[in-house]
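Q: As a plain string of letters, each chain reads:
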Amino acid sequence: MAANLQQADASSVLEARRIHNQKLARQHDQTRATWFPVAVLGVLLALPLLQLTGNYNYLLHLVLFTASYAVMASGWNIIGGFAGYISLGHAVFFAIGGYFSGVLLARYGISSLLTAPLAGLVAAVCGYLIGLITLKVRGPSFIISSIALLMIARILFDHWEFIGGANGLSLPVTDLPVETAKLPYYYAFVLMAAFTVWATYRIKHSKFGLGLRALSKDEVKAESAGINTRFYKVLAFALSAFFVGMAGAVWGEYLTYLRPNIFLIILVSANLVLMCILGGKGTIAGPVVGAILIVAFNEIFVATLGASEINIMATGFVMVLGLMFFPNGVIGTLARKGKLPRVLNWD
Amino acid sequence: MLEVKNLCKHYGGIRAVDGASFTVEKGSITALIGPNGAGKTTAFNCISRTVVPTSGEVWLDGERIDNLRPHKITAKGLSRTFQISRNLADMTVLENVIVQARCRGFTELFRPAISADERDKAMSILDFLGITRIAYEDGHNLSYGQKKLMDLAALLMADPKIILLDEPAGGVNPTLLEEIVGHIKALNAKGLTVLIVEHNMDLIMRLSHRVVVMAHGRVICDGTPDVVRRDPHVLEAYLGGVLEEEAA
Chain A
79 MAANLQQADA SSVLEARRIH NQKLARQHDQ TRATWFPVAV LGVLLALPLL QLTGNYNYLL
139 HLVLFTASYA VMASGWNIIG GFAGYISLGH AVFFAIGGYF SGVLLARYGI SSLLTAPLAG
199 LVAAVCGYLI GLITLKVRGP SFIISSIALL MIARILFDHW EFIGGANGLS LPVTDLPVET
259 AKLPYYYAFV LMAAFTVWAT YRIKHSKFGL GLRALSKDEV KAESAGINTR FYKVLAFALS
319 AFFVGMAGAV WGEYLTYLRP NIFLIILVSA NLVLMCILGG KGTIAGPVVG AILIVAFNEI
379 FVATLGASEI NIMATGFVMV LGLMFFPNGV IGTLARKGKL PRVLNWD
Chain B
20 MLEVKNLCKH YGGIRAVDGA SFTVEKGSIT ALIGPNGAGK TTAFNCISRT VVPTSGEVWL
80 DGERIDNLRP HKITAKGLSR TFQISRNLAD MTVLENVIVQ ARCRGFTELF RPAISADERD
140 KAMSILDFLG ITRIAYEDGH NLSYGQKKLM DLAALLMADP KIILLDEPAG GVNPTLLEEI
200 VGHIKALNAK GLTVLIVEHN MDLIMRLSHR VVVMAHGRVI CDGTPDVVRR DPHVLEAYLG
260 GVLEEEAA
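Top line first, the protein sequences correspond to chains A and B. 390 is the number that my numbering gives to position 312 of the first sequence; each next residue is one higher, with no gaps. 263 is the number that my numbering gives to position 244 of the second sequence; each next residue is one higher, with no gaps.
Calculated directly from the structure, the hints in this document are not laboratory data.
Distance condition first, Cα-Cα at most 27 Å in a straight line; then the derived DSS-like pairs of lysine-lysine:
1) B:K180 x B:K204
2) A:K417 x A:K295
3) B:K24 x B:K45
4) B:K95 x B:K204
5) B:K91 x A:K295
6) A:K295 x A:K214
7) B:K95 x A:K295
8) B:K140 x A:K295
9) B:K95 x A:K214
10) B:K91 x B:K180
11) B:K204 x B:K45
12) B:K95 x B:K140
13) A:K415 x A:K295
14) B:K180 x B:K95
15) B:K91 x A:K214
With beta-carbon atoms standing in for the labels, derived distance ranges:
16) B:M142 x A:A374: 37 to 47 Å
17) A:P218 x B:R123: 33 to 43 Å
18) B:G46 x A:V118: 51 to 61 Å
19) A:W276 x B:K24: 48 to 58 Å
20) B:M220 x A:Y206: 44 to 54 Å
21) A:A94 x B:M220: 35 to 45 Å
22) B:P193 x A:I344: 49 to 59 Å
23) B:G201 x A:I344: 56 to 66 Å
24) B:K209 x A:I344: 53 to 63 Å
Glycine is no exception: its CB is placed at the ideal position from the N, C-alpha and C atoms.
Given these sequences and hints, build the entire structure.
A: Have a look at this one:
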């Protein structure tokens, strides 16, 4: 009798264990809802049809602006989220991309929509070379070195006459009618955002991504596990520079002028960092959600509180509240608690 | 198989390892013992180049490895564990194991992180160690003993020729200790060479074919467990502090 009871106990424990394991395996394998990002992309691609019924340029601008930050924040996420190196110097790659394509446009008339991938590559090469130097240190030293990079680049761009120096460079204005003027840039950014999300997903689930996640926790252990940590992190830095540079190229033409005090300011870098942190560093959906939230908060507070310092304070206040309740970012915290809606689990 | 020649590691004026030389025979279990501060772990770190040795040579299968970067050494077939289990939290046990699988060349980098083959192999290793049930558990949810087993599993993923175990029995309960001893013996029987740092004398004497004793950064005795047990220098190092020729 007693033996029977024990056996029943053991089998119920085993059963509970099996169910628990199944739950864990499910969590790690099948909670993706790929239809949702695809549906969002579909809606965004169809959105310009609204232009047939009236002028929705403000809405298009907001989506375009959010998409540009989604590209850059997702790119930043590769080095900052996966590899754990917080860089405040990514505005440099934004500027490199913008200026590379901008100069080609101003001097040779080649649209930056065509040269954007090339601009990304140039930024990536610069990122690779810079990474070889700055990625030797981690933690606060790396953050400071990335700020130093930004300051050096600012001085360089301010005094480089070929690209206009501190006065900047004016680019030709598009001659499209007002209803369609934004559309090329709108589609460019939306498609780039889709590509970036897909690329970061692929990176996170590759050998490379696994290695980056390992070295973000413990570089010594990762190295002794057979990971070439130096190459991995420099490559991650270059890849993240690629996406930021690509966004910079299109952004420059959209703005129609390039100036160091627009591109080479720490605000651009800080925005990327804040978006990733608010949305969830190291997750795929995090940077996108962060970009949407921060752009939305900015717009709402500017609209309701006016363009005074109060709107900036309100945005900051929301950030503080957000991080108090979502310390790992919205996506990261919800995922850890197991409360993430399926549609937002893109990892 | 592994040959350490005149290895030195100085931290400022402190000579943590001061000209240690010893060899590890192919297919053997060699133990590295010594009182606290003898330089065992530093010697370990120098061999796997987690720290850069001040001078000396390390040879693995006739190849000099002391000037290679750690991941290259791992690729040559020398894997190690750490004294304080340094698992990669935020990753599941399965990922922690598979991260050590070999990955060669640029194109390999961007293939999916966990291939079916690797999953099968990792699962069979976890099965061998009896921990398949925690495969999908997060690394930071594990107990201390489970982490030790996970470390061992991760080592095996890289198909090493020689493994360096830094205190595999430290802080582990007696039942699990028996289990770990059994695993090490089984692995050795399959032809894996083992170098082990350990404080548990009972385990050392039962497990190892050969014992290297270090004190003050030097090798003071080298032989079978029986020889070492009776060596007066060893007794003195453990019980009597400084050796006379050291003091001189």
